[in-house]
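Construct the complete structure from the given sequences, taking the supplied hints into account.
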Amino acid sequence: MLERILHMLRKEFAQVFRDPRMRLVIFGVPILQCLIFGYAVTMDVRHIHLVVMDRDNTPASRELVAAFLGSDYFDARLWTDDEAAARVLVDAAEAGGILRIEPGFGEGVESGSTAPVQLIVDGADSNTARYVLNYSQSIAARFNRTVQARQVERSAGGVPATGGVDLRPRAWFNENLESRNYMVPGIMAVLVMLVTLMLTGMAVVREKEVGTIEQIMVTPIRPIEFILGKCAPFIVIGYVDVLLVTAVGVGWFQIPIHGSFLLLLFGMGLFLMSTLGIGLFISTVSSTQQQAMMTTFLFFFPAMLLSGFIYPIASMPEPVRWITIVNPLRHVLVIIRGIFLKGVGADILWPQLLALFLIGVVVLAIAVSRFRKTMA
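Residues in the sequence shown are numbered consecutively from 1, following my numbering.
Hints are computed from structural coordinates only; laboratory data are not their basis. Certain hints may be false.
Pair ranges (Cβ atoms, derived) [claimed, not checked]:
(1) Arg150 to Pro302: 46 to 54 Å
(2) Glu107 to Asn134: 27 to 35 Å
(3) Pro103 to Gly251: 30 to 38 Å
C-beta: ideal position from N, C-alpha, C; glycine also.
Shown next as structure tokens:
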């Protein structure tokens, strides 16, 4: 069995690297795309999840919270006084920031003195963080005008007292809000998905197109050996692309890896289960390489758009958000960015790791089952 698989491996590697253009696609395109996306533009966002920590609980503090939540920009993800619970949500990318109002806020507003409020922003997503800061400053300014207008009405002389809200925003994980720190780690997953989908789908279809699949079927090789021999080279290529993009991100863009690199490789391995399974499935429904390529892009572009790579999932309609749960790219992006920028571990990322494992097992089982029927 091992000897037959090794023969398949040597044949597949020779087939892949025979064409110089294919070598350019596998190794050159990831570096080029990484450099391009490192300077990507930002997008507008809505419905950013906030953790609200209102420790003052006065009419003034509730009015400020209502000003934030009454806009289209912010939604309350959790109301709590527990800082640890708030941090867990930010670490897990389930909240974009924390609005913290300490005791004495209401008294300071009513007395006309400065009332500090802290807004902690998840700077790992620099695009969203910039908008959070801009929106919050606008809301704070509007709240100040409302408070000063009331003070004018209360003042006998018609002169408002000084003071208002002193909003002190702070970005976590990406203090300078560099968009490349957010985009470059994400491009790793996008490129791995695209390359492995194309290679897996087209490699099997190529056997059908040139007629060698019939020759393989009459040999002693079993379907599982054929699948392992076909997929193993693409796993190696996928990991090579991961290392290339990581090297560019760390060496060129100076993006630090705060978390475990081994956990990153493990998460990418689970992700490769899904992409290889999808590629095998594409190969069973395609008769030519052109069909395989078109089917790959038919799947790839919606998967990228619904992953949170460009557009925040929280801003999508609710039915679409449910659909994104079965998108492996969505989960691996949380893992990659969490490890690169936040330094979180498996205790935070286990839901995404579990989702990738389940998606990979189901997709591979369906693909292998259909592939067995195709070869039978």
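**Study point:** Cβ separation of Glu107 and Asn134, checked against the hinted range 27 to 35 Å
**Key:** Given about 29 Å between the Cβ atoms, the range holds.
Check your understanding: Do Pro103 and Gly251 keep their Cβ atoms within the hinted range of 30 to 38 Å?
Key -> violated (48 Å)
Review point. So the hint says 46 to 54 Å: do the beta-carbon atoms of Arg150 and Pro302 match that?
Key: holds (50 Å)
Violated hint: 3 only; the structure is consistent with all others.
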